Every structure is written in structure tokens, then in C-alpha cells.
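Peer 1: Throw the hints in and build the complete structure from the sequences for me.
The listed protein sequences correspond, in order, to chains A and B. The first sequence begins at 1 in the working numbering and counts up one residue at a time. The second sequence begins at 253 in the working numbering and counts up one residue at a time.
Hints in this document: simulated from the structure, not taken from any laboratory. These numbers were taken from a predicted model, which means no experiment stands behind them. Hints may be right or wrong, so weigh each one.
[To be verified] Non-contacting residues of chain B with respect to chain A, defined by C-beta distances greater than 12 Å in every case (computed):
{"no.": "1", "residue": "H445"}
{"no.": "2", "residue": "N663"}
{"no.": "3", "residue": "V964"}
{"no.": "4", "residue": "P968"}
[Stated by the list, open to error] Listed next, the in silico EDC-like pairs over lysine to aspartate or glutamate satisfying Cα-Cα at most 20 Å (straight line):
{"no.": "5", "chain 1": "B", "residue 1": "K651", "chain 2": "A", "residue 2": "D144"}
{"no.": "6", "chain 1": "B", "residue 1": "K1020", "chain 2": "A", "residue 2": "E82"}
{"no.": "7", "chain 1": "B", "residue 1": "K624", "chain 2": "B", "residue 2": "E538"}
{"no.": "8", "chain 1": "B", "residue 1": "K1023", "chain 2": "A", "residue 2": "E77"}
{"no.": "9", "chain 1": "B", "residue 1": "K1023", "chain 2": "A", "residue 2": "D79"}
{"no.": "10", "chain 1": "B", "residue 1": "K651", "chain 2": "A", "residue 2": "D79"}
Every residue gets a Cβ at the ideal spot worked out from N, C-alpha and C, and that includes glycine.
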Amino acid sequence: MKNILEVKDLCKTYIVNKRQNNVLRDLSFTVGEGEMIGVMGPSGSGKSTLLYTVSGMDKMTAGEVSFCGKKMNGLSENDLAEMRLDEMGFIFQQMYMMKNLSVLDNIILPAVKSRRNTLSRKEIVERGRGLMKKLGITEIADNDINEVSGGQLQRACICRSMINKPAMIFADEPTGALNRSSSNEVMDELERLNSEGTTIMLVTHDVKVAARCSRVIFIVDGNIKGEYNNKREDTLRQRERDLNNWLLEMGW
Amino acid sequence: MFLRILKKDLKRKKTMNCILLIFVLISAMFAASSVNNIVAVTNGIDYYFEKAGMTDLFIISSEPEGQLIGDMLAEKSSVKSFRREEIIRPSGGELTANGNNMSAELAFVGIMAADSGKLHYFDQDNVEITDCQSGKIYVTPGFSHTIEGGVKIGDKINFSYGDVTLDLEVCGFVKDPFLGAEMMSNYRFLLSHDDYEKLRTAKGIDSADLCGVYYVETEDIEGVSSDVVSAGSVLFCQPQRIVRLSYILYTLVAGILLIASVGLLIVSFVVMSFAINFTIAEDMHEIGVMKALGLRNSSIRWLYLVKYLCISLVGAAIGFAASLPFSRLLLKSVSQNMVLGNDNSFLFGALSSAAVVLLTLAFCWHFTRKIKTLSPIDAVRSGQTGERFHKKSLISLNKSPMNSTLFMALNDIFSSPKQFTLLTAVFALCAVIIMVLANAANTLKSDKLLFLVGTTKSDVYISGTSSLFDSDEELEQFLEEKGIPAKVHSEALYNLPVVAGDKRIGLMFQYCSKTHASDYVYEEGSAPQHSSEVALSFIAAEELDVGIGDKVTITINGQDQQFMVTALIQSFCQLGESGRLHESVDMTGASLSSIMGWQIDFTDSPDKEEFQRRFDLLTEYFGEDSVFDAEGFVDDTIRSADTVNSVKSLLLAVVLFIVLLICVLMEHSFISREKQEIALMKALGFRTSQIAAQHTLRFAIVGAASAILAAVLCLPLTKLAIDPVFGMMGATKGVSYKLEPLEVFIVYPAIIIAAVAVGALITSLSIKKIKASDTSGNE
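Peer 2: What follows is the structure in C-alpha cells.
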């Protein structure tokens, strides 16, 4: 399996009130193509920072990150922006969207902006509607974002992350603000996407969410304390149980 | 606890608090300076005349046989008091300024010793001039305008008369309350006592050059005037009313300034209310947290009131301090010849600043009303109740062919129509101020006002060189010798008494025997057809209480003649107190007041090149300050276009500063509010430059919309604002304005749009500091 993301000796340090805060310390791991990797850890362990740093949304202090074989260290802000637009998708816990745009407009916005995209506006809209149909939210296309439920909105965010057919989706606690039923629906969709070949890296606190991933890395104080491979052949309940046990061993 | 929350808030929300502070500051600055200007301008002439010690009646008399007028005034019981100044009005000599020969201007110069003034004369800093050093000279600003490039302090003025030569250095410009208005066309030179005495005793000076200027306090103005005039040797005898009228052009400029000040005041208050509303809306989340923690509504509002009180007190204090020089800067352009100001400027400024503080608190109280109605959780959701509170955007990306930057910019505007409409209105107001001034200035030097100065359109106008030729025919002869076939005529002005019923007034009549009365413009009625018909101005007809068809008696050369009023006209002549006589009226022997200048009409219809050659030839002969086309003649006659233009330039600078400031502050506010969305866009892969372009574009669109709005409103507002001012000058029925499309509809709107775009662009560059990872972060 080819690696889509390679992280080597990644460090991230914040200076707060002249005090150095090492959030990520010499962290190394890889993500293979088609993998669905979960990142877990206690609050403040550096999970979200890891996600933002490896996706080029935040600058790393030291180390090396390669995405699709391209080293991100030397890339300019603009190159990183282009990479995020064309090759990455993002899903946030708070379902951030442009509040003055309708749901469909939010979904198609990255495609309209993309320079790589050669589709006409009509084709982009068709693709957006197609994604919405796949995720079962066609009826909210013209709604304002404050007119829809959290679950629907997060599915719309998934559509947006998929609009440019990214190589990898980064999700920061995608179910964190949803109830159990919505959470399950969203995770079903992510799993389906992954099964179709999309690589996913998600940060979560939820064992039920992490149990759906093929692999889980556990971070404590900016270091990877352990890695766990879910047994895909097991039932979901069994996976949850095993993962829970492993996390308890890790000090969860 | 309360104070700690406040302190923390002031420190933590530095950006928004600073923005609010700046808005309060500019509001206080504009309020204090505008109120000061409004008071200064409204009371302008009263204030100046009182400060200068102006009297009821003004007399200038040549006194070859001693102080006859003085003796007469001393004997009259109706004269409460009078003061006499001695001036020299040289009948010859040579005058040079910076090497330019200005001897032709000597006819308009009055020279006096600075220490012998019987009025209060002021320098440009409004300090009274009581003396002048030997070898120095004060001149009126009007004299400076007669020389190309003007006269500056330190320049040399050389004056020779008889056996005396004075090399003088200009040490300042004097505000002369009596003769200082440019409409008076007189210049006052103030010298040291010693220099004046040298000149007074010069061999060439005779008693006819010495004049007495009398400042008379009396209630019987008409009685004293008629007695004085009958004594002869009187060059000028007019009541204060007429002297006041000579300042009417400054009133025009001051009036424009007043309108601009009111505009600035509106702009600042509108923007301040927006800033307060905005900052309180920003704080809604925290208000919710406080409510959730159990703080009472009144406590939360009190917290905000105290916070805004602190900010507004600091802002108002700084704004008040800044208003003092700003007010002076605005008044400077119109106060070259007048002492404009008010003795209570400190008080008015302080009161205006206090009003800004109260208004800030009132806005704060108004905008925190919402706190009462929102539940804690609604407030925690930043004022969102969960119900749909947004109006759907009018445009949709999935249906629009626009590129994303343009779409996002337009969508932002349509999504916050109130804010952007407000901005459009503010920028439009700023643009309109400049457009109105441009229209006024362009009209003041256009041939559209030719009829108001009482002339017909001619090829060339020559003014101020009447000493070169004795008659129109002589000039015609001269032109013929130069190979220029032309007809020459000139408009004569006669000051004649007119009676209608029990009303009796003196009117300035325009008359030209070589044109036809029907060549001129009449607002109502028809042109006089016979020698017994006359046209009167609206103002004169009103004063005489007559209309078309009524009869008036005019005394010409001592004989009463009856005339029928056949038409009503508008005229700037004598500020509208004028009329026009038919060309067949016999004016032989009538006392001529003045001649307006020669008008030359080429009889052979020369082509453009030949026309220019003749114009250049005449310019070479008569001097470029004396030869004009129709536009130049109007400009030279009214002499206010330059002043209005300089006010326009000053206000353009002020307006651009305001527009820039508003853009910077508003864009900063928007960035602060939209931080999360900007971060999201970056996370999604938008470049900083693309987001900055979107932000700049929405301001540019607003700037363009405001330019269109201003263009639409430009003419009606010009009429609304400037018609009354022209009305004061005599054009009571309004005028047709000259629009320079390129300047008014292209150049100024482009400047405003550029200022808006530059302000927004510079500020939007701070988007660079927002990181994609801030998507999840709060302030």
C-alpha cells in the first residue's frame, strides 16, 4: 500500500507568554492510501494540532511532512492553499460553513474556486447535487445553513469536502457536536467514502467512532503512545470493546 | 469583580475597543469643529464687523481743501460719533511687486500708516495689527491675487512716487473690514508711521491724493448721506448694508462650508452608531454567558454603559483637542479676508464633545435593549434564537455565472444590506459634497452666468484698461489698424433713483446704446421695445412693489421720466438691485457709475487659428489679466471660482481622509467579525490574496454604487444647496449649472472609489495574520 501521508519527527511549539509549549514532539507516522486512521488522546494532547499541521493549515516547527509524495515543508502559503483546495477535504466539529450562502452554494464553493477544476458551473452544480443525493440531503440544497439540523449540516460538510475529489479527508471530531443517531449517519457516510477509496484521518474522543477506523493512534503529550489496528472482520461492537480495552491499557 | 471584568474586557478586546475609540474620536472632532464652524459662519459677518469696530456709514472723500466732511459731520446732531483715517490714493507713481510692474493697480490702492487705523485690522492669525516696522508692509490678500504666483511674506514691493522710493518687504496680509472684500476691488497697504510720512511729504503727492475715510455712527443714515454727497468730493458714501453685501461671496463659501460641516457631522454619527451596534453584537456570546451565570440584565447593561463611558470620555477628550486645529483648517480657506470664529469656540467644542459622550451612551443603551429579550442560551448563540433570522441572499452561486470572488463580494453586500446601504449613503454624501462644489466652481466661471453679469456673448472681453482708449470707436480704429475688423461696445452702469408710489430706491441700471435690449435674457415678460420701457430685477421690483405693466419714475440727468416695467430679470449687478434700460434712452449728461469693459465682436467670422492669433495679439497688448473669453470674463467679474475651488480642494482632502478612515475601520470591524469564516476559507484552500480581493471588491462595489447615487443626486442637490447662495447674489430664480461630465461624473467618483478600494485593500492585508487553523478558535 502506497503511503499518502508521511510524517517524520514532527514538532510543533507554541510560545505563550514567553513560555515554550511543545505540543507535538518528534512525532512520526504514515498513512497509507485508502486507510481510515483515527487519532485519539486526552484533551490537550495535541490531536487537533496534529491534524492542522499535517494538513498544512498550521506551520510545523520542525520535522518533515510529505503529502502525496510532495514535501510540504518548502511549500509557500499559496501552494499549501492550492493543495488544500484540490487534494484535501476538511470536516470540522462545529460544521463551519459560510453563513451567507445556501447549503448547495457552500458545497460547490471549493469547486468553483479550484483552478484545477475544468468543469463548467452547471457540471459543478450537478456534482454537488449528486453528492447531496448520495448523502440523502437533496431537500436542503437551497436552505440557509441555520435552517437545517446538525446531522444534515455535517453531511453537507462531507459533501463539501468531497466536491473536488480529494486524495484525503481530514476530519476534526466530525461527530463531536452531533447526537448519537446523527453521529452514526455521518460515520456511515465516512466509512462508505473510505470503502470507495478515499483516505480519511479523523480526530475523535469517541471510541464508537474510532472503532470504525482501520487504525488508531493514541497521543499523549504530543507523542504517539501507541497504535492499534482494528480487526475489520470483527463486528463493530466487538471492535469497540477491544479498542476500549486497549485504550484503558494506554491510560485513557 | 465588576471592575476586573471591565479591565479584562478593555484589554482583551483591544481591536474592537480601539475601533470604537477612533469612531468616538472622529465624531467628537467633527461635532466640535462643525458646531464651531456653524456658529462662526452663521455669525460670520456680524462677528467680524463687531470685532473690527465697523460703523453705520462709510465715507471716502478726497480732501484737496481740507477736512470739509469732517467739519460737516462734527456739526450734525444726528451723528453720534465719527472717526477719520487718512489714506493716500496715489494718482501716479510706480509700483512693482517681485519685479512685476503693478502700476496699473495703483488706482485701486489706499495707503495708510498702520498705527493710525480707526478700525481694527487683523493679520492672518486674527491678531490685531497696531503697528508696522519700518521697511515692512502689510497688503490685502486681494492684491496678492492680482499677480501671477501671488505675493508671499518676505517678497519685495517697490514704490516710487515723486522723489521718494520705498523698498518694502511684505510682512503679512491684512484683513481690511471696510475695503478688504474682493468685490470692492480696492487694496489697502499698511506702512510704518515713518514710511507713511516719507510718502506723504513726497514731492509728487498733492492734496488731491490725500483722502479721508470716515466711519460714522448715526441713526439717520439717509439724511447724513444725502448731505454729505451734496457737498461734493465724495468718492464713496454707503451704509454698512452695502459693505456687508461686498462679503456676500465669502458668505457663499462659508455657506458651502456649513453644508459640508453638517454632512461630516451626519457621517460621523451614522458611522459611530454602526460601530457601537457592531461591538455590542460582537459581545452577545459573552452577554449570554453572564446571563447564564445569573447576572441581572441591569448589571450587564451597566457594565457596558461604564465601558462605553470610559471609551467615549477618552475619545471625546482627544477628539475635542483635535477639533481645534481641524476647525481652523476648515475655516482657513474662507477666512483670508475675514475674521471668522467665535469667542465661545472652547465652550461649543466642549459641549459638542459632551454631546458625543451622551450620544454614545444613548446608542449603547439602545443597542443593549436586546439583552432583556434574549434568553441566556440565545445570547450564548450570539443572538441567534434558532429561528431563521437571516433574509435569504438574493443571489445564488449555483445559478450565477460570476466568478467566485465577485460572487462572494456581492453576496456579502446582499446579505448585510443595512450595513452596506449605510456605507453607500455615507460615501455618496462624501462624493456629493465634492460634486456640488465642483458644479458651483465650474458654473462660476462659465458663460452660463454671462446673463447674470448683464452682458451679451462676445468674442473677446477686455477689462480694467479703460485708460488706454477714450471710446469704443478709438479701440475699433486701433483694431482695424492691426487688421482686425471688429465691432466694440461696452456696458455702462448708471446709479439712478427710482420711485414707485411711496417707494424710492437707488438702482444700478445697465445700458448699452450699441446693442439691443432684446439681446439680453429676461426671466418674465418681454424685452423693453421703446425708450419708455424698462426691465427690473426681481429684487428691485419687490422692493418697489411693482410688477410687469406697472409704471416707475426714474430720474435721469435731473429729469423725472416715466417708464413701464415690461420684464423681470435676474442679475448679479449690485446683488440684484438693478435694471436694464432700452438702448434708445437718452443718457447724455447722466452721471456714469462705471463701465464694465470692452466687448469685441469680430465681424469677419475668423477661423479658430485666426481667432487665437487675434486673442494672443490682444493679450500681448492689453496684458493677460485683462483679456478674456466669455468664461474668463464671468470668472473675472464674479471672482469667486478660485475660492470655491480652493475650498473644494480642501474638502476633497478632508473627504478622502474620512473615506479612508471609514474604510479602514469598517473593514477592520468586518475582519474581526468574519475571522472564523476567513479562517474557514483558508482551510478550504482560498489564498489570502483571493480573500483580500473579495473584501476589497465589496468595498469597491459599494464605492461604485455610492458614485452612481451621488451622480444621480448631484444636480438636484447642487440646486438645493447652491441656488439659495446664488439667490443671495441676485439670481433669485436659480441658475442653470455647468456640468463638467469628465470631472464630476468620472474624476471625482473615480477618486472616491479609489480611496474606498485602497482603504479596504490596505486593511484587508491583515487577513494574512488569520490562519486556517483559526477555524476553530475564538477571539
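Peer 1: Each of the hints needs a verdict: does it hold here or not?
Peer 2: Now for the hints, and whether the structure bears them out:
Here H445 (chain B) stays apart from chain A, with its beta-carbon at least about 73 Å from theirs, past the 12 Å limit. The Cβ of N663 (chain B) sits about 5 Å from the closest Cβ of chain A, inside the 12 Å cut-off, so the non-interface label is violated. For V964 (chain B), the condition that its CB be more than 12 Å from all CB atoms of chain A holds, with the nearest at approximately 28 Å. In this structure P968 (chain B) is separated from chain A by more than 12 Å, as the shortest Cβ-Cβ distance comes to about 35 Å.
Note on K651 (chain B) and D144 (chain A): the hinted pairing holds, with a Cα-Cα distance of about 15 Å set against a maximum of 20 Å. About 16 Å separates the Cα atoms of K1020 (chain B) and E82 (chain A), which keeps this hinted pair within 20 Å; it holds. Our distance criterion of 20 Å between C-alpha atoms is met by K624 (chain B) and E538 (chain B), whose separation comes to about 14 Å. Taken as a hint, the K1023 (chain B) and E77 (chain A) pair is honoured in the structure, with Cα atoms around 10 Å apart against an allowance of 20 Å.
In summary, the hint linking K1023 (chain B) to D79 (chain A) is supported, as the alpha carbons are separated by about 15 Å, within the 20 Å threshold. About 30 Å separates the Cα atoms of K651 (chain B) and D79 (chain A), which puts this hinted pair outside 20 Å; it is violated.
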